[in-house]
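Protein chains: 2
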Amino acid sequence: MNWNWPRIPRAIWRRRSAVNSAGLSPNLALNQLVEQRRAAGESLVHLAFGEARLPLLPQLAEQLAIGAARTSYGPVAGSPQVRAAVAGYFARRRLPTDPDQIVVAPGSKALLMAIQLAIPGDVVLPRPAWNTYLPQVNYAGKRAFGVPIPAEYGGVPNPEALRDTLVRARREGGTPRLLILTLPDNPTGTLAPPEVIRQLCVLARAEDLLIVSDEIYRDIVHDPAATPFLSPAELAPERTIVVSGLSKSLGLGGWRIGVARFPGGDLGDRLRNPVLAAASELWSGLAAPMQQVAAYAYAEPPEITERIVDAARLHGQVARAVHRIAVEAGARCRPPTAGFYVYPDLEPLRPRLAARGITGSASLAEALLGESGIVVLAGHLLGDDPGALRFKAATSLLYGDEQQQSAALAAADPVALPQIQANLAQIAHGLARLTDQRSIAAEAKTGVTQ
Amino acid sequence: MNWNWPRIPRAIWRRRSAVNSAGLSPNLALNQLVEQRRAAGESLVHLAFGEARLPLLPQLAEQLAIGAARTSYGPVAGSPQVRAAVAGYFARRRLPTDPDQIVVAPGSKALLMAIQLAIPGDVVLPRPAWNTYLPQVNYAGKRAFGVPIPAEYGGVPNPEALRDTLVRARREGGTPRLLILTLPDNPTGTLAPPEVIRQLCVLARAEDLLIVSDEIYRDIVHDPAATPFLSPAELAPERTIVVSGLSKSLGLGGWRIGVARFPGGDLGDRLRNPVLAAASELWSGLAAPMQQVAAYAYAEPPEITERIVDAARLHGQVARAVHRIAVEAGARCRPPTAGFYVYPDLEPLRPRLAARGITGSASLAEALLGESGIVVLAGHLLGDDPGALRFKAATSLLYGDEQQQSAALAAADPVALPQIQANLAQIAHGLARLTDQRSIAAEAKTGVTQ
Numbered sequence: 001m002n003w004n005w006p007r008i009p010r011a012i013w014r015r016r017s018a019v020n021s022a023g024l025s026p027n028l029a030l031n032q033l034v035e036q037r038r039a040a041g042e043s044l045v046h047l048a049f050g051e052a053r054l055p056l057l058p059q060l061a062e063q064l065a066i067g068a069a070r071t072s073y074g075p076v077a078g079s080p081q082v083r084a085a086v087a088g089y090f091a092r093r094r095l096p097t098d099p100d101q102i103v104v105a106p107g108s109k110a111l112l113m114a115i116q117l118a119i120p121g122d123v124v125l126p127r128p129a130w131n132t133y134l135p136q137v138n139y140a141g142k143r144a145f146g147v148p149i150p151a152e153y154g155g156v157p158n159p160e161a162l163r164d165t166l167v168r169a170r171r172e173g174g175t176p177r178l179l180i181l182t183l184p185d186n187p188t189g190t191l192a193p194p195e196v197i198r199q200l201c202v203l204a205r206a207e208d209l210l211i212v213s214d215e216i217y218r219d220i221v222h223d224p225a226a227t228p229f230l231s232p233a234e235l236a237p238e239r240t241i242v243v244s245g246l247s248k249s250l251g252l253g254g255w256r257i258g259v260a261r262f263p264g265g266d267l268g269d270r271l272r273n274p275v276l277a278a279a280s281e282l283w284s285g286l287a288a289p290m291q292q293v294a295a296y297a298y299a300e301p302p303e304i305t306e307r308i309v310d311a312a313r314l315h316g317q318v319a320r321a322v323h324r325i326a327v328e329a330g331a332r333c334r335p336p337t338a339g340f341y342v343y344p345d346l347e348p349l350r351p352r353l354a355a356r357g358i359t360g361s362a363s364l365a366e367a368l369l370g371e372s373g374i375v376v377l378a379g380h381l382l383g384d385d386p387g388a389l390r391f392k393a394a395t396s397l398l399y400g401d402e403q404q405q406s407a408a409l410a411a412a413d414p415v416a417l418p419q420i421q422a423n424l425a426q427i428a429h430g431l432a433r434l435t436d437q438r439s440i441a442a443e444a445k446t447g448v449t450q
Numbered sequence: 001m002n003w004n005w006p007r008i009p010r011a012i013w014r015r016r017s018a019v020n021s022a023g024l025s026p027n028l029a030l031n032q033l034v035e036q037r038r039a040a041g042e043s044l045v046h047l048a049f050g051e052a053r054l055p056l057l058p059q060l061a062e063q064l065a066i067g068a069a070r071t072s073y074g075p076v077a078g079s080p081q082v083r084a085a086v087a088g089y090f091a092r093r094r095l096p097t098d099p100d101q102i103v104v105a106p107g108s109k110a111l112l113m114a115i116q117l118a119i120p121g122d123v124v125l126p127r128p129a130w131n132t133y134l135p136q137v138n139y140a141g142k143r144a145f146g147v148p149i150p151a152e153y154g155g156v157p158n159p160e161a162l163r164d165t166l167v168r169a170r171r172e173g174g175t176p177r178l179l180i181l182t183l184p185d186n187p188t189g190t191l192a193p194p195e196v197i198r199q200l201c202v203l204a205r206a207e208d209l210l211i212v213s214d215e216i217y218r219d220i221v222h223d224p225a226a227t228p229f230l231s232p233a234e235l236a237p238e239r240t241i242v243v244s245g246l247s248k249s250l251g252l253g254g255w256r257i258g259v260a261r262f263p264g265g266d267l268g269d270r271l272r273n274p275v276l277a278a279a280s281e282l283w284s285g286l287a288a289p290m291q292q293v294a295a296y297a298y299a300e301p302p303e304i305t306e307r308i309v310d311a312a313r314l315h316g317q318v319a320r321a322v323h324r325i326a327v328e329a330g331a332r333c334r335p336p337t338a339g340f341y342v343y344p345d346l347e348p349l350r351p352r353l354a355a356r357g358i359t360g361s362a363s364l365a366e367a368l369l370g371e372s373g374i375v376v377l378a379g380h381l382l383g384d385d386p387g388a389l390r391f392k393a394a395t396s397l398l399y400g401d402e403q404q405q406s407a408a409l410a411a412a413d414p415v416a417l418p419q420i421q422a423n424l425a426q427i428a429h430g431l432a433r434l435t436d437q438r439s440i441a442a443e444a445k446t447g448v449t450q
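From first to last, the protein sequence lines are chains A and B. Heads up, the first sequence is in the UniProt record's numbering, so the first residue is 1 and it goes up one at a time. Heads up, the second sequence is in the UniProt record's numbering, so the first residue is 1 and it goes up one at a time.
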């Protein structure tokens, strides 16, 4: 046994600070900030946190209580019951799955980290992307190579752009091997079309890339008939790991339930086994009572399916309303078709914003917070160009308190509900104010923001 | 923003295999093996897994059910309530603690990993030690330097040995900065005396080491009056991180509840903040319903304290019985004073074992399993010399089924209970059989093991 490993020069604590000088993952940091400022009496519109806050289904609480009886460590991958349920979930989505292909974990975040730690090679990331992929690349001692997303959708590059990035990465001494795709996408709230997935799978095979397909928003496509979903696992099953979880579709972020589906067969084992080894050293297993919950939810009884359908409809209606407001304010913005995000680009307003000293995503986010109490996630925190006037707005925290959330889920036109109307009005007002000539004049005169 | 990190050469997937060719953390792997073989009808004595399997306290189940209402992500460090409760737990142990010094997580394992990822420097580990420290060092891209434990206790080196190891590490180009101590120890079931902790704290200060004190077995000291506990956090508070959890003291391994206590003040923040940053990218937070459970348990209401006292007594009685059996079979073995482990050394039997081809910990563990259905964790899996005839025996799975566990908790003399007697007899028989001349003769004659 080689007790003393060869020395690996690393300085992640320095490099990390380049990701995020505040330290915490920026969405979680902003969420804590909002809670503190609200507790201090401020009225904020919180668009910086992708939590689907919806009333808890009583059946889920029941399952958790039943699961309390399970106090033992079980298999690292999860109990046979939960793995069979998750396998069934994928099988109903055109992905025949053996329970042995499934690993459950305390969140898909933990699984993504274990994948990065366990599987060799550098990482290609869409740019912008969810703010956790890049720090994880960093913790795993890998290099990240960003590939821009097209104008039509996010989470997935077009094949040309990917090819260019691979060439650049290799020229720079990188060994790109993992390609992370987000289907549907966070931050843009869009879904890449099947044709692009087809082309990417061909390219992934030619370039021997492993695809990590983050499909945690899969069940929140707003109009499934109009927005066909194709997983790379259908076309390149031998080289696709799918990760997902219950945080988004069932509003269970605080319960930390994530799942991964590995390729089948020997090839799959060669990926799954090192990830399981990492899991066994990082977290041991998903809490056993949560496995009980997951086994129930992934079996998709009618009340679960119904809630997910209702939630997807609600998320879609409100996301589209925010999209309209952004476009009316002069932004460019991809129309959202999934999840609960929009990603406006205020480039058309650059001259007027520049006159106010707003020249990039940081100053833009600051102005929205300072002037209008609107909290957004600045684009540069997602790996986007800091000079671009882009931000992510999560629209799922606009529904109000628990009673209002229930009303919104049940309403034919939730956007017309007073709580949501008020939030939308504050957003519209805040965006208008950014370029309002009177505000600018007043600011210039008094030196302070009204 | 520097998107492309400098390239870090790593090959953990290769180096990892040196830790454990099976991939999974060896205790978890053996646990899965036992479950499979038992399901196939084999009768095994399972001494390879450090789980305190005890009946669930109904109050804990109640708290989990109440906690179901919490579905939101909260602060990464944990809710103010749970942090206050954990701070109180430490304050009642001579460690005044501000709730801001506390971080809760899905297991102390996850916290140990985040500490390793977030804090620079190489790691000094007692040898042998719990089987997860070393793979984590490896995942963090650090180097591990082993320091032998004394003959009297484990989990902690004596200061001379530590000084030697630091010299060696630096000579080999290492930058030892983190010192992991296990108080009380897994695998030896012993507790280092206060005087040694005092000397180590002086040395840690002189050498500018950070102490990571794994105190997950702290509340399972068998006879607290006879075995005084001193935490390095009492003497070197500025440089000690304590990790703990509820898995061992309350038999809640499957619920995954871990806690860490960081130093106070600015110095503490400089350690805690990067660890929290890593936590935010690795797991987001402990599942909110589990935080409810932890807030309740760490407040230590009488029924919790009573259970922990009863369990510690039971663990002590059975561990001492296994110790006696090992010594009677001819082993050397540190008398256990905490936790539920013994770590016998069969060196005095080497000639007789060698005659049977048993020359190290791997062949020893194999013989115990093959001949007698006794599953132990071979010493080399804990970083010990593979040529040494040592193994770890966890004694906490000998109590039988849930009803038998309850009886054992209530019994004045649990060792006399039939289920425990039967298990102890099988262990005594298995150890005797290792060196039984008739067995050896029969084996030589027939070529097979009886």
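These are calculated hints, taken from the structure and not from any lab test. Just so it is clear, CB atoms sit at the ideal spot from N, CA and C, and this is done for glycine as well. Hints are supplied without guarantee of correctness; some may be wrong.
Said to hold, decoys possible - Some chain A residues judged to face chain B by a derived CB distance under 10 Å, without partners named:
(1) Gln32
(2) Glu62
(3) Lys109
(4) Asn131
(5) Asn273
(6) Thr305
(7) Gly370
(8) Gly373
Stated by the list, open to error - Cβ-Cβ distance ranges computed for the label pairs, FRET-style:
(9) A/Asp385 <-> B/Asp266: 41 to 47 Å
(10) A/Glu62 <-> B/Gln199: 26 to 32 Å
(11) A/Arg38 <-> B/Pro386: 54 to 60 Å
(12) A/Gly265 <-> B/Gly370: 50 to 56 Å
(13) B/Ala412 <-> A/Arg38: 34 to 40 Å
Here is how each hint holds up against the structure:
1. Gln32: A/Gln32 check passes; min Cβ-Cβ to chain B is 5 Å, inside 10 Å.
2. Glu62: holds (8 Å)
3. Lys109: Nearest chain B Cβ about 6 Å off; hint holds.
4. Asn131: OK, holds: A/Asn131 within 10 Å of chain B, min 9 Å.
5. Asn273: Where the cut-off is 10 Å and the nearest Cβ of chain B is about 5 Å from A/Asn273, the hint holds.
6. Thr305: Constraint on A/Thr305 not satisfied, violated at 19 Å.
7. Gly370: violated (23 Å)
8. Gly373: At 21 Å from the nearest chain B Cβ, A/Gly373 fails the 10 Å test, so the hint is violated.
9. A/Asp385 <-> B/Asp266: 41 to 47 Å: Violated, since A/Asp385 and B/Asp266 (Cβ atoms, about 35 Å apart) do not stay within the stated range.
10. A/Glu62 <-> B/Gln199: 26 to 32 Å: At roughly 55 Å between Cβ atoms, B/Gln199 and A/Glu62 fall outside 26 to 32 Å, so the hint is violated.
11. A/Arg38 <-> B/Pro386: 54 to 60 Å: 58 Å Cβ-Cβ, so the 54 to 60 Å window holds.
12. A/Gly265 <-> B/Gly370: 50 to 56 Å: violated (31 Å)
13. B/Ala412 <-> A/Arg38: 34 to 40 Å: The hint (34 to 40 Å, Cβ to Cβ) is violated, given that B/Ala412 and A/Arg38 are roughly 56 Å apart.
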